[in-house]
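Novice: Listed below are the residues making up each chain.
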Amino acid sequence: MRLGRDSFAGLIFLAVSLALLVQSFGLPQLPLVPVGPGFYPRIVLIFMAVTSATLIVQDLLARRAEPADVPAPAQPQRAYGLVALAFVIVALYLVLLPLLGYRIATVLFVAALQAILEKPTTWRQWAVLAAIAIGTSAVTYLVFERYLSVLLPRGSWTNW
Amino acid sequence: MFELLGHGLLTVLQWNYLVPLFAGTLIGVIGGALPGVTITMTIIVILPFTYGLDPLQGLAAMTGVYVGGSAGGLVIACLLGIPGTPSAIATTFDGFPMARGGAPGRAIWLGAWSSFFGGLLGGLFLILVTGPLAAIALEFGPWEYFSLFVLAMAMVAGLAESSFIKGLLSTAIGLLITVIGTDPIGSVPRFTFGSEFISGGFPFLPVLIGIFAFAQIMSDIEKLGVPKTPEAVLAAQPSLKVSHVKVIGEILGRPFLLLWSTIVGILIGVLPAIGGSAANMLAYDQAKKFSRHPERFGTGIPEGIIASESSNNANVGGSLVTIMAFGIPGDAVTAVMLGAMTIHGIQSGPLFVSQQPALAYGIYAAYILAHLLMVLILAVGALFMLQITRVRLAVLAPVVLVLCVIGAYALNNTMQSVYVLLIFGVFGYALVKGGFPLAPLILGLILGDQIEINLIRAIMTDDNPLLFFTRPISGGLLLCAALSVALAVWQHMRHQARTAPDEAPDF
Numbered sequence: 001m002r003l004g005r006d007s008f009a010g011l012i013f014l015a016v017s018l019a020l021l022v023q024s025f026g027l028p029q030l031p032l033v034p035v036g037p038g039f040y041p042r043i044v045l046i047f048m049a050v051t052s053a054t055l056i057v058q059d060l061l062a063r064r065a066e067p068a069d070v071p072a073p074a075q076p077q078r079a080y081g082l083v084a085l086a087f088v089i090v091a092l093y094l095v096l097l098p099l100l101g102y103r104i105a106t107v108l109f110v111a112a113l114q115a116i117l118e119k120p121t122t123w124r125q126w127a128v129l130a131a132i133a134i135g136t137s138a139v140t141y142l143v144f145e146r147y148l149s150v151l152l153p154r155g156s157w158t159n160w
Numbered sequence: 001m002f003e004l005l006g007h008g009l010l011t012v013l014q015w016n017y018l019v020p021l022f023a024g025t026l027i028g029v030i031g032g033a034l035p036g037v038t039i040t041m042t043i044i045v046i047l048p049f050t051y052g053l054d055p056l057q058g059l060a061a062m063t064g065v066y067v068g069g070s071a072g073g074l075v076i077a078c079l080l081g082i083p084g085t086p087s088a089i090a091t092t093f094d095g096f097p098m099a100r101g102g103a104p105g106r107a108i109w110l111g112a113w114s115s116f117f118g119g120l121l122g123g124l125f126l127i128l129v130t131g132p133l134a135a136i137a138l139e140f141g142p143w144e145y146f147s148l149f150v151l152a153m154a155m156v157a158g159l160a161e162s163s164f165i166k167g168l169l170s171t172a173i174g175l176l177i178t179v180i181g182t183d184p185i186g187s188v189p190r191f192t193f194g195s196e197f198i199s200g201g202f203p204f205l206p207v208l209i210g211i212f213a214f215a216q217i218m219s220d221i222e223k224l225g226v227p228k229t230p231e232a233v234l235a236a237q238p239s240l241k242v243s244h245v246k247v248i249g250e251i252l253g254r255p256f257l258l259l260w261s262t263i264v265g266i267l268i269g270v271l272p273a274i275g276g277s278a279a280n281m282l283a284y285d286q287a288k289k290f291s292r293h294p295e296r297f298g299t300g301i302p303e304g305i306i307a308s309e310s311s312n313n314a315n316v317g318g319s320l321v322t323i324m325a326f327g328i329p330g331d332a333v334t335a336v337m338l339g340a341m342t343i344h345g346i347q348s349g350p351l352f353v354s355q356q357p358a359l360a361y362g363i364y365a366a367y368i369l370a371h372l373l374m375v376l377i378l379a380v381g382a383l384f385m386l387q388i389t390r391v392r393l394a395v396l397a398p399v400v401l402v403l404c405v406i407g408a409y410a411l412n413n414t415m416q417s418v419y420v421l422l423i424f425g426v427f428g429y430a431l432v433k434g435g436f437p438l439a440p441l442i443l444g445l446i447l448g449d450q451i452e453i454n455l456i457r458a459i460m461t462d463d464n465p466l467l468f469f470t471r472p473i474s475g476g477l478l479l480c481a482a483l484s485v486a487l488a489v490w491q492h493m494r495h496q497a498r499t500a501p502d503e504a505p506d507f
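Just so you know, the protein sequences line up as chains A and B, in that order. Note that the first sequence covers residues 1 to 160 in UniProt numbering. Note that the second sequence covers residues 1 to 507 in UniProt numbering.
Certain hints may be false.
Once the Cα atoms are required to be at most 30 Å apart in a straight line, the calculated DSS-like pairs of lysine-lysine come out as [claimed, not checked]:
| hint | chain 1 | residue 1 | chain 2 | residue 2 |
| --- | --- | --- | --- | --- |
| 1 | B | Lys288 | B | Lys241 |
| 2 | B | Lys246 | B | Lys288 |
| 3 | A | Lys119 | B | Lys223 |
| 4 | B | Lys246 | A | Lys119 |
| 5 | B | Lys433 | B | Lys241 |
| 6 | B | Lys289 | B | Lys246 |
Since the hints were made in silico from the structure, they are not lab data.
Go ahead and model the full structure; you've got the sequences and the hints to work with.
Specialist: In structure tokens, the structure reads:
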């Protein structure tokens with residue numbers, strides 16, 4: 001039988017909770033406190049293990065009740081590739097932030113994410129995109145650093 | 001009390017508070033009007049700005065966002081038939097038909113004035129009830145607190161729309177996140193695997209921002225490939241002119257409806273972590289049930305708009321009660337406010353009103369003034385808001401994410417918080433895709449430390465575990481929690497028998 005989405009999620013959380021539960025018994029006991037630092041986490045982890053297990057059972061029962069060859073309801077087209085790409089761009093931004101500094105990294109990030117979400121076709125659209133990227137970086141920088149005295153990351157490569 | 005309130009009003013009327021309040025309300029109205037941008041998201045965006053302000057300035061701005069956001073959704077709900085925020089869903093049912101029927105001005109202003117009256121009644125409740133509730137909360141020992149938190153979590157998990165068991169599991173995940181790091185009693189590192197990165201635990205705000213902001217934005221990006229349904233556009237420049245006296249008369253001529261919707265809104269607000277999206281639907285449902293002509297609901301009658309809009313603004317007042325009297329956030333928006341208070345070193349909880357009267361009454365004053373500002377903003381900008389909805393996701397998403405990164409980074413000027421943001425961003429998105437509700441997780445995350453501290457404190461005071469059940473208030477709260485779970489299971493079984501679960505994620 002193929003596992004459903006819920007069973008899969010349930011299995012992951014069950015595994016995590018059991019692994020940590022084993023770990024929790026290795027935590028030291030404290031003097032003065034009648035229950036050690038592992039006492040409360042164990043309650044949480046047991047609760048988590050029980051709910052995960054219930055989720056798996058529920059999912060398996062629901063699958064058995066349903067005939068297997070019911071066609072899945074038509075799902076609207078989702079742009080999952082775009083989501084993955086967006087996450088990668090955010091990750092790159094976070095890598096570049098401490099290297100290039102807030103101002104440069106933010107221009108690159110805003111431009112890149114805009115470009116993949118809605119690819120500009122005319123040079124005019126590229127100009128708007130660039131203006132938004134530079135504008136976002138400049139305005140946030142000025143507002144936060146100059147007006148609100150909230151410090152933003154400096155770049156170790158650029159010193160800017 | 002009213003002297004303090006007057007003082008608060010005078011304080012907030014000064015420029016240095018009025019400007020953030022106005023800015024907050026305006027941004028709230030805009031955020032509420034943008035489809036796909038929730039009030040939670042708007043308050044997350046505004047968060048980094050409050051770091052540099054003094055506490056009352058920051059809280060005034062956030063209160064403004066909260067009030068404005070609840071109202072902002074209604075313009076779009078009426079004119080385009082799509083709710084700008086989840087708290088305006090029920091407004092579309094009658095607001096849009098009324099606007100399409102040739103009375104867009106009446107629809108919008110019925111909504112705006114209902115928000116105004118509902119919000120002010122909610123404010124009255126907030127001012128009158130917070131003090132006495134806080135006094136009750138002061139009598140609480142660790143047993144009562146523990147039981148109260150358990151009740152809060154039981155209720156929130158039970159209200160999860162998709163699946164009760166996922167709601168519970170979501171709560172457990174939230175609690176587990178708070179367990180990682182050093183333990184609050186003896187500072188023993190737990191589940192850190194010797195890693196420096198997580199030895200201090202996960203900071204609350206980056207986790208919350210990551211989970212909410214990414215889950216929302218990535219879900220929006222997903223839909224970029226979907227061909228849009230043809231937009232229901234009105235005549236290019238609809239006239240919103242309407243007699244305000246007549247509209248106000250229409251609302252006040254239905255005092256029972258207004259009061260009942262307001263009470264529903266307040267009660268939903270007081271219950272932890274549920275929020276406006278439930279309040280407006282429930283109030284609409286109630287209005288329909290009590291109506292003499294329920295069949296006319298959905299055809300563009302004023303009752304539907306009044307019920308929805310008065311409840312969602314009253315809901316804000318209710319949420320503020322919970323955060324100010326117990327230190328428990330009523331929803332994700334107040335959770336961010338709680339986080340902002342903590343940054344400024346303000347301890348929310350039963351002592352808040354008595355120890356920080358200036359701040360507490362400042363918030364009350366900001367709440368009341370925000371309603372006036374909201375009406376003012378709608379009067380000037382209602383038509384302009386149609387233009388706002390044309391802002392494209394391609395522009396919105398990067399700007400919002402930049403502000404989220406600033407919000408995480410500026411907490412303590414380390415990149416670590418920003419990495420936490422991304423980790424939980426991915427995790428939150430995965431959870432939403434798995435059909436897990438986020439509200440229980442956030443509540444678990446917020447209450448986790450307090451639950452543990454109160455549990456251990458109770459055990460250290462007296463090692464008799466039966467005290468949780470035999471102390472009357474504590475026992476009563478636990479009984480309510482058990483009943484709430486039983487009710488949720490029962491409702492879920494009944495619901496499952498009838499329909500397949502709806503999978504729209506709720507933020």
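Novice: Compare the structure with each hint and give your call.
Specialist: Against the structure, the hints:
1. B:Lys288 - B:Lys241: holds (28 Å)
2. B:Lys246 - B:Lys288: Measuring from Cα to Cα gives roughly 23 Å; hence the hint holds.
3. A:Lys119 - B:Lys223: With a Cα-Cα distance of about 16 Å, the restraint between Lys119 of chain A and Lys223 of chain B holds, given a limit of 30 Å.
4. B:Lys246 - A:Lys119: violated (49 Å)
5. B:Lys433 - B:Lys241: Roughly 44 Å between the alpha carbons, so the hint for Lys433 of chain B and Lys241 of chain B is violated.
6. B:Lys289 - B:Lys246: Between Lys289 of chain B and Lys246 of chain B the Cα gap is close to 26 Å, so the pair holds against 30 Å.
Taken one by one, the earlier hints fail for this structure at numbers 4 and 5, listed in ascending order.
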